[in-house]
Amino acid sequence: GRSRAVPLVRAQPAGSRGASVPLSAPHGPAMFRFLRGFALPAAACDGSRDGDSRYANLFRKLDLNEDGRVDIAELQTGLRAMGIPLGKEAEEKIFKAGDTNQDGQLDFEEFMQYLKDHEKKMKLAFKSLDKNNDGKIEASEVVQSLKILGISISEKQAEKILQSIDADGTMTVDWNEWRDHFMFNPATDIEEIIRYWKHSTVLDIGDSLTVPDEFTEEEKKTGQWWKQLMAGGVAGAVSRTGTAPLDRLKVMMQVHGSKSNKMNIASGFKQMLKEGGVRSLWRGNGVNVVKIAPETAIKFWAYEQYKKILTKDDGKLGTVERFVSGSLAGATAQTSIYPMEVLKTRLAVGKTGQYSGMFDCAKKILKREGVRAFYKGYIPNILGIIPYAGIDLAVYELLKSTWLEHYASSSANPGVFVLLGCGTVSSTCGQLASYPLALIRTRMQAQASVEGAPQLSMVGLFQRIIATEGIQGLYRGIAPNFMKVLPAVSISYVVYEKMKQNLGIA
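When we follow UniProt numbering, the leftmost residue of the sequence shown carries the number 1, and every step to the right adds one.
Read the hints as simulated data drawn from the structure, not as lab findings. The reader is advised that the hints may include incorrect statements.
Label pairs and their computed distance ranges (CB to CB) [to be verified]:
#1 Leu310 with Gly470: 36 to 44 Å
#2 Val290 with Gly104: 41 to 49 Å
#3 Pro454 with Gly276: 20 to 28 Å
#4 Gly353 with Ser260: 24 to 32 Å
#5 Glu109 with Lys147: 41 to 49 Å
#6 Gly276 with Ala97: 47 to 55 Å
#7 Gly318 with Gly104: 45 to 53 Å
#8 Leu310 with Lys120: 35 to 43 Å
#9 Thr241 with Leu503: 14 to 22 Å
#10 Trp226 with Leu432: 28 to 36 Å
#11 Val416 with Ala97: 21 to 29 Å
#12 Val450 with Phe482: 22 to 30 Å
Please read these numbers as outputs of a predicted model, since none were measured by experiment. Ideal Cβ positions, reconstructed from N, Cα and C, are used throughout, including at glycine.
Modelling step: build the complete structure from the supplied sequences, incorporating the hints.
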């Protein structure tokens, strides 16, 4: 399924389509003035009395009822009043990390310890980016660091990112600026920026042609990768179930639509309801949901294996190698679960009572048509991966670059709607490019179940459709397909975020 999420770039081929959508980084003159005045003197991390007194001043600003403790409501209100709105998730994360005795409040000792510990982490992150150890982060170092993670950006784009952190306009970021920017953000390193633009596959629009998500070494070590995959799987299942009637309508229009049978959205729904009632609208959805787990697992495993095979002698993996690895992983996963794709189509176009379920359908196909029937339409399906994934990635990169060129100087965080918008537009363009192949695949899968239909090859079907219906015949069913994109993306995102919270990775 198109499980999509949206790093700065698709760590690719990542975004998360998704990733996960990150916490807002604080920025702006008000924040810099405030932090410089209260929390960020040079001595703030050295345990000196001067440093402690500055922390005390900051604590007093947040302790609105002056009871010597700060609860979550005071933290949220105080930070907003100081011009540092982080968002609920970030504020709760800070509170959880600081509240060591778990009494639901931060006393001064806990507050000060949190800031000191957080600053140490920020220092390590700063040093890892400062490749030449000159005490400043330059655009070239951002480019270099992202390249190591398999992400390509231009130096101009890196400069835009630095501008959102650079307070004095030098086009470099020193330690004080880095600390100012991240002091009240739970994220501490360049991976935060990566997660913003990670073109993740969390946004499930019901397709299986996407390349897999890229996970950082940190995510692999901490086990976050499987939690993200699980969250994405659940989001995909809910999303597909919610949009199943539109998906079944698309399949019906692809298989039965023709010049003589001008099935449209209204008549298609009418026909399905008349033939099988409301329940029939979800016919084939069960197998569509069941295949998410094996497909995701195989795709992830295969992607890691192909990356190892294609890694260059210097241990680095370029964008092309990642794209090839992702496409091969997608093909491997599709090959493994393709019989389930055939079952989904047969169940969707089946009549009431024709099959009692997925296993009954498989048994009847095997008995009547043999094993080969489970791979009908396989070639157009595999051929569809390249235009889908390639155009999806290219459009996403174009949208990302456009946003970075115009808006990254004020913040590295594009916000939820920009990320969802980029992911939705790029996947829709990918669908548009590969749709004729998807239609041919569906017709080949269903041919044997349609009475009187000739058993044509891929080329034969193309020729027949063009001759009898013209180019538009290759796009039958595309209206319900596009109609389901927005609800599918919205449901995926909401469920994914909820699942992340439940799994402790929000």
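Right, here's what the structure says about each hint:
Checking the proposed 36 to 44 Å range against Leu310 and Gly470 shows it holds: the Cβ atoms sit about 41 Å from each other. For Val290 paired with Gly104, a C-beta distance near 42 Å keeps the hint of 41 to 49 Å intact. About 27 Å separates the C-beta atoms of Pro454 and Gly276, a value consistent with the hinted range of 20 to 28 Å. Evaluation of the 24 to 32 Å hint for Gly353 and Ser260 yields a pass: the beta carbon distance comes to about 27 Å.
One distance hint, 41 to 49 Å for the beta-carbon pair Glu109 and Lys147, holds here, with the actual separation near 42 Å. Taking 47 to 55 Å as the suggested C-beta distance range, the pair Gly276 and Ala97 conforms, at roughly 53 Å. Separation of Gly318 from Gly104 is about 49 Å and conforms to the stated range, judged on CB atoms against 45 to 53 Å. Leu310 and Lys120 have their C-beta atoms about 37 Å apart, which keeps the hinted 35 to 43 Å range intact.
The hinted range of 14 to 22 Å is satisfied by Thr241 and Leu503, whose Cβ atoms lie roughly 20 Å apart. Separation of Trp226 from Leu432 is about 33 Å and conforms to the stated range, judged on CB atoms against 28 to 36 Å. Checked against the given bound of 21 to 29 Å, the beta carbons of Val416 and Ala97, roughly 23 Å apart, stay inside it. Look at Val450 against Phe482: about 25 Å separates their beta carbons, and that is inside 22 to 30 Å.
Checked against the numbered hints above, the structure breaks none of them.
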